[in-house]
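**Student:** Chain by chain, the residues run as shown.
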Amino acid sequence: DVKVTQSSRYLVKRTGEKVFLECVQDMDHENMFWYRQDPGLGLRLIYFSYDVKMKEKGDIPEGYSVSREKKERFSLILESASTNQTSMYLCASSLTGTGYEKLFFGSGTQLSVL
Amino acid sequence: DQQVKQNSPSLSVQEGRISILNCDYTNSMFDYFLWYKKYPAEGPTFLISISSIKDKNEDGRFTVFLNKSAKHLSLHIVPSQPGDSAVYFCAASTGNQFYFGTGTSLTVIP
Chain A
1 DVKVTQSSRY LVKRTGEKVF LECVQDMDHE NMFWYRQDPG LGLRLIYFSY
51 DVKMKEKGDI PEGYSVSREK KERFSLILES ASTNQTSMYL CASSLTGTGY
101 EKLFFGSGTQ LSVL
Chain B
1 DQQVKQNSPS LSVQEGRISI LNCDYTNSMF DYFLWYKKYP AEGPTFLISI
51 SSIKDKNEDG RFTVFLNKSA KHLSLHIVPS QPGDSAVYFC AASTGNQFYF
101 GTGTSLTVIP
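In the order they appear, the protein sequences are chains A and B.
So the first sequence is numbered by our numbering: it starts at 1 and just counts up by one.
So the second sequence is numbered by our numbering: it starts at 1 and just counts up by one.
Note that these hints are calculated values from the structure, not bench results.
Be careful, since some hints might not be right.
Unchecked claim - The calculated lysine-lysine pairs, modelled on BS3-like cross-linking and capped at a C-alpha distance of 25 Å, are:
(1) A/LYS102 / A/LYS57
(2) A/LYS102 / B/LYS71
(3) A/LYS71 / A/LYS3
(4) B/LYS54 / A/LYS57
(5) A/LYS53 / A/LYS70
(6) A/LYS71 / A/LYS18
(7) A/LYS18 / A/LYS102
(8) B/LYS5 / A/LYS57
(9) A/LYS55 / A/LYS71
(10) A/LYS18 / B/LYS71
(11) B/LYS71 / B/LYS54
(12) A/LYS102 / B/LYS37
(13) A/LYS102 / B/LYS68
(14) B/LYS37 / B/LYS56
(15) A/LYS102 / A/LYS70
(16) B/LYS5 / B/LYS54
(17) A/LYS57 / A/LYS18
(18) A/LYS3 / A/LYS55
(19) B/LYS56 / A/LYS3
(20) A/LYS3 / B/LYS71
Unchecked claim - Distance windows between CB atoms, simulated:
(21) B/GLY16 / A/PHE20: 22 to 32 Å
(22) A/PHE20 / B/ALA70: 40 to 50 Å
(23) A/ILE77 / B/GLU58: 40 to 50 Å
To be verified - Computed far set for chain B versus chain A, every beta-carbon distance over 10 Å:
(24) ASP31
(25) LEU34
(26) SER51
(27) LYS56
(28) PHE62
(29) VAL78
Here a beta-carbon is modelled for each residue, glycine too, at the ideal position from N, C-alpha and C.
The task is simple: from the sequences and hints, build the whole structure.
**Tutor:** This is the structure:
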C-alpha cells in the first residue's frame, strides 16, 4: 500500500523562524501536494508538484515555498513563520493525474507558531 | 470561490440508522468524485469514489450517489456505527487537481 510519510506529527515554532516540513512517498507517484486544514475551511491547496523541480501555486501560496529535488520528496517551507500559519499541514500524492485517481495522504503535521 | 460545498458542518445520527452526507459542486468539468474520512490528528483516508459516468457506487455499508444534472453527490452509511464518527470531506477532481469541501463532522450516538 502507498505510504506518505510526514517527518513530524507536532511542531512548535516561534514567529519569524524558518520552518521546513518534509514529506516522502514510497510509490513512485508523479504528483505531490501540500494542503492545510483549518476548522470550517476544509482542505486548502498551498502548492503542488507534478514532476521533479516543477511546482504550481495552489489557492493559498502566500508565505510558503516548496522544493522538489527528488521524485519521492516534497518539502514545504515557511520562510518566516507567523501565527496565522498555525494549522494542520497535510501532504498527499497521486500517481499521474491523468485519470480516475485518488489522493493518498500523510498523517499530518500540527504546526503551532507562537 | 468554493467549487465544492458541504453545507452541513455537523450531523448526529443514532447507531444503526442511516447517515446521509451531502455535497454540491459548481464545475461541470469535474469527472471524478471522492469521499474521505478524517479522525482528529490523522490524515484523511480514502473511503469511496465515483466517476462521472456512473450514478451510484457501493462498497459495503457505504454508497455514493451522483446526480450530475443537480451537481450533487451524497454519501450514505448504513447502518451507522460509533466508529464512523469522524469528519467527512467530499472532493472533486479534473485529473491532477483535487478540490475539497469544508467537511461534515458526523457523530454516531451509541
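**Student:** In terms of Cβ atoms, is chain A entirely out of 10 Å range of B/LEU34?
**Tutor:** violated (6 Å)
**Student:** Verify that the Cβ of B/ASP31 lies farther than 10 Å from every Cβ atom of chain A, and report whether the claim holds or is violated.
**Tutor:** Its Cβ does come within 10 Å of chain A, the nearest being 8 Å, so this is violated.
**Student:** Decide if the proposed pair is consistent with the structure: A/LYS18 and A/LYS102, CA atoms, cutoff 25 Å inclusive.
**Tutor:** The hint is violated at about 32 Å.
**Student:** Is the Cβ of B/SER51 more than 10 Å away from each Cβ in chain A?
**Tutor:** Its Cβ does come within 10 Å of chain A, the nearest being 5 Å, so this is violated.
**Student:** Do the alpha carbons of A/LYS102 and B/LYS37 lie within 25 Å of each other, as the hint requires?
**Tutor:** Holds, at about 13 Å.
**Student:** Within a Cα-Cα threshold of 25 Å, do A/LYS53 and A/LYS70 meet the stated pairing?
**Tutor:** With Cα atoms ~8 Å apart, A/LYS53 and A/LYS70 stay inside 25 Å; holds.
**Student:** Taking the beta carbons of A/ILE77 and B/GLU58, is their distance inside 40 to 50 Å?
**Tutor:** holds (43 Å)
**Student:** Hey, is B/PHE62 genuinely clear of chain A, shortest beta carbon separation above 10 Å?
**Tutor:** Non-interface label on B/PHE62 holds, nearest chain A Cβ at 14 Å vs cutoff 10 Å.
**Student:** Need the status of pair A/LYS18, B/LYS71: alpha-carbon distance at most 25 Å?
**Tutor:** Violated. A/LYS18 to B/LYS71 sits at ~42 Å, over the 25 Å cutoff.
**Student:** Just to be careful, I want the Cα atoms of A/LYS3 and A/LYS55 compared with a cutoff of 25 Å; is the pair within it?
**Tutor:** Roughly 21 Å separates the two Cα atoms, so the pair holds.
**Student:** Compare the distance between the alpha carbons of A/LYS102 and B/LYS71 with 25 Å, and conclude whether the hinted pair is satisfied.
**Tutor:** Holds, at roughly 20 Å.
**Student:** Does the alpha-carbon distance linking A/LYS71 and A/LYS18 stay inside the 25 Å limit?
**Tutor:** holds (23 Å)
Comparing the model with each earlier hint shows violations of hints 4, 7, 10, 19, 20, 21, 24, 25 and 26; every other hint is respected.
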